[in-house]
Each structure stands twice: as C-alpha cells, then as structure tokens.
Amino acid sequence: MSDLFVDVTWREFLDEAENGNVPHCIAVASPLKWHDEIIETLSQAMHVSSRDLIVIGSADKAPSIGDPMKPNYDGSCRWLIDTLPVKPFESKRRLAVIRSADKLLLPAANSLLKIAEEPPEHAVLLFLMEDGRLFLPTLKSRSRFIVLTSAEKITPKRMPMSNREWLEWLKAARKNADSDSVAQDLDSWCEYELKAGNITLSQRINRLKILSSRKNLSVPMLCDVIILALREETCEYEYILDDIWQA
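With our numbering applied, the sequence shown closes on residue 248, and no number is skipped along the way.
Worth flagging that the hints you see were computed from the coordinates, not collected in a lab.
Check before you lean on any hint, since a few could be wrong.
Below 27 Å or equal to it, Euclidean Cα-Cα: the simulated DSSO-like pairs (lysine-lysine) are [what the hints assert, rightly or not]:
| id | residue 1 | residue 2 |
| --- | --- | --- |
| 1 | K34 | K88 |
| 2 | K210 | K34 |
| 3 | K176 | K158 |
| 4 | K172 | K158 |
| 5 | K88 | K115 |
| 6 | K141 | K176 |
| 7 | K141 | K115 |
| 8 | K196 | K210 |
| 9 | K62 | K196 |
| 10 | K34 | K62 |
| 11 | K93 | K141 |
| 12 | K172 | K210 |
| 13 | K93 | K210 |
| 14 | K210 | K158 |
| 15 | K141 | K62 |
Here are the computed distance ranges between Cβ atoms for each label pair [unchecked claim]:
| id | residue 1 | residue 2 | range |
| --- | --- | --- | --- |
| 16 | I228 | K34 | 31 to 37 Å |
| 17 | N177 | P121 | 46 to 52 Å |
| 18 | R175 | K34 | 33 to 39 Å |
| 19 | H48 | A197 | 42 to 48 Å |
No residue lacks a Cβ here, since even glycine has one placed at the ideal position from N, Cα and C.
Model the full assembly from the supplied sequences, consistent with the hints where possible.
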C-alpha cells in the first residue's frame, strides 16, 4: 500500500465513492507521484473500466483548448466536451480526468466551465493538479476541492518593480540565456504573490512559467513576453501567442 493511503482525507473520499456518493466534479491537489494512483484507485472505486476512462493532459502539460480543424484535436478540452456525452461502453459511469489542471490556460479553462457545471448524468470530472492555489476560481467553485498535501516548498521572491529592477533582471536573464533559470525566477515570483494573496497575478506568472518550460521561444523573446505581461500588465499575450501555447 502506497503512502497515498496514509492520507485520511483520501481514504474517506474513496469510501464515499465506493458507496456511490461521488460528486459530478472533483478537484484534487496532491504530489505528482500520487497522480497515477489517484486515477487508478478512483476508477476502481467507481467501477469504471478502461474503456470508460478519459484522460487529457499529462503530468507536465495541461490540455489545450483544441481546434476541430487541426490534427491535434484529439485529447484536447473540446475533444473531451464532445466525447464525454457518449454513454459508457461497459460501466455505469464515465470518468474524465484533466491532468495538470493548475496549468490550464484561460481559454482552455473557460471552455470547460459549462461541462464542469452540468456534466452528463453518467459522467464524473476529475481535475488533477499539484498546486491547488493556482486552480482557477471559476472551476474551483464548481468542484469538490480536496487537498492531500502541501505544495513543494519554493523560496518566495518579489518580482522587479521599478524600471531599474526590470532592466537589471532583463540584462541578467539575456546574459544567462537559460530558460530554466527564467522559470526559476517565475516560480519564486509566483510563490511571493500567492503568499501576498494576489491570486490573479500569481496565475498569470504561472502561465508564463508554463510557456518558458515548453522552450518554444528564445530567451530574449521569452523575456519580452514576460515584460509585456507583468510590467506592462497586458493580458492579451495568451491570445496573441495562441499557437505557441498549444504547441
């Protein structure tokens, strides 16, 4: 038995699931090492067969919103929305899992609002994530929210504020030319804003960290996007760079 079952909250929830008391929408924040086991044990408790289990996203990447006119439509949020209404093949219910739900970009998250509010009668949605503090409030309010452990400790650090501080950060980031180093800065800024209660800003910083981890942009281009989003406080970067987000 893994250490997941040491958590009393999870054991109690599984007991409820085995008795048929499963909410239509669940959000679970836990260490990444538990995610596969959470999917497996909840499926077993609900008596959901592999044919009636839908999983989108991965351990390190949230699903994209998807486009039915593009080849990567399968496995996206829109694909889930279209697929979930299909009645179960072998089980009484279907379980749909959205992995890395704390990394969902705004367009993808918004596309799931309606189905999270009113999923098909035979369906249960599971939003699975590491850091519940970054889960969008609009989805959180529609879910039974379960936290199994605290997020990994990150040293908080205030992001640059003045023009001089931004210039110093920009010079150092471009000199290092290391997107991993930029991601570490974003991590510490995100933690600082979370502790300060600035949830919206921390979510924006986290999305920039996701972009940096995909390494689709050079460090100078990545820095420009960070400046645009945080110093200039422009939110349109998610839509301007839509193809990059979904790559």
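Quick rundown of the hints versus the structure:
{"no.": "1", "hint": "K34 with K88", "in the structure": "violated (31 Å)"}
{"no.": "2", "hint": "K210 with K34", "in the structure": "holds (21 Å)"}
{"no.": "3", "hint": "K176 with K158", "in the structure": "holds (20 Å)"}
{"no.": "4", "hint": "K172 with K158", "in the structure": "holds (18 Å)"}
{"no.": "5", "hint": "K88 with K115", "in the structure": "holds (18 Å)"}
{"no.": "6", "hint": "K141 with K176", "in the structure": "violated (40 Å)"}
{"no.": "7", "hint": "K141 with K115", "in the structure": "holds (13 Å)"}
{"no.": "8", "hint": "K196 with K210", "in the structure": "holds (18 Å)"}
{"no.": "9", "hint": "K62 with K196", "in the structure": "holds (24 Å)"}
{"no.": "10", "hint": "K34 with K62", "in the structure": "holds (15 Å)"}
{"no.": "11", "hint": "K93 with K141", "in the structure": "holds (26 Å)"}
{"no.": "12", "hint": "K172 with K210", "in the structure": "holds (19 Å)"}
{"no.": "13", "hint": "K93 with K210", "in the structure": "violated (39 Å)"}
{"no.": "14", "hint": "K210 with K158", "in the structure": "holds (15 Å)"}
{"no.": "15", "hint": "K141 with K62", "in the structure": "holds (19 Å)"}
{"no.": "16", "hint": "I228 with K34: 31 to 37 Å", "in the structure": "holds (35 Å)"}
{"no.": "17", "hint": "N177 with P121: 46 to 52 Å", "in the structure": "holds (49 Å)"}
{"no.": "18", "hint": "R175 with K34: 33 to 39 Å", "in the structure": "holds (35 Å)"}
{"no.": "19", "hint": "H48 with A197: 42 to 48 Å", "in the structure": "holds (44 Å)"}
Comparing the model with each earlier hint shows violations of hints 1, 6, 13; every other hint is respected.
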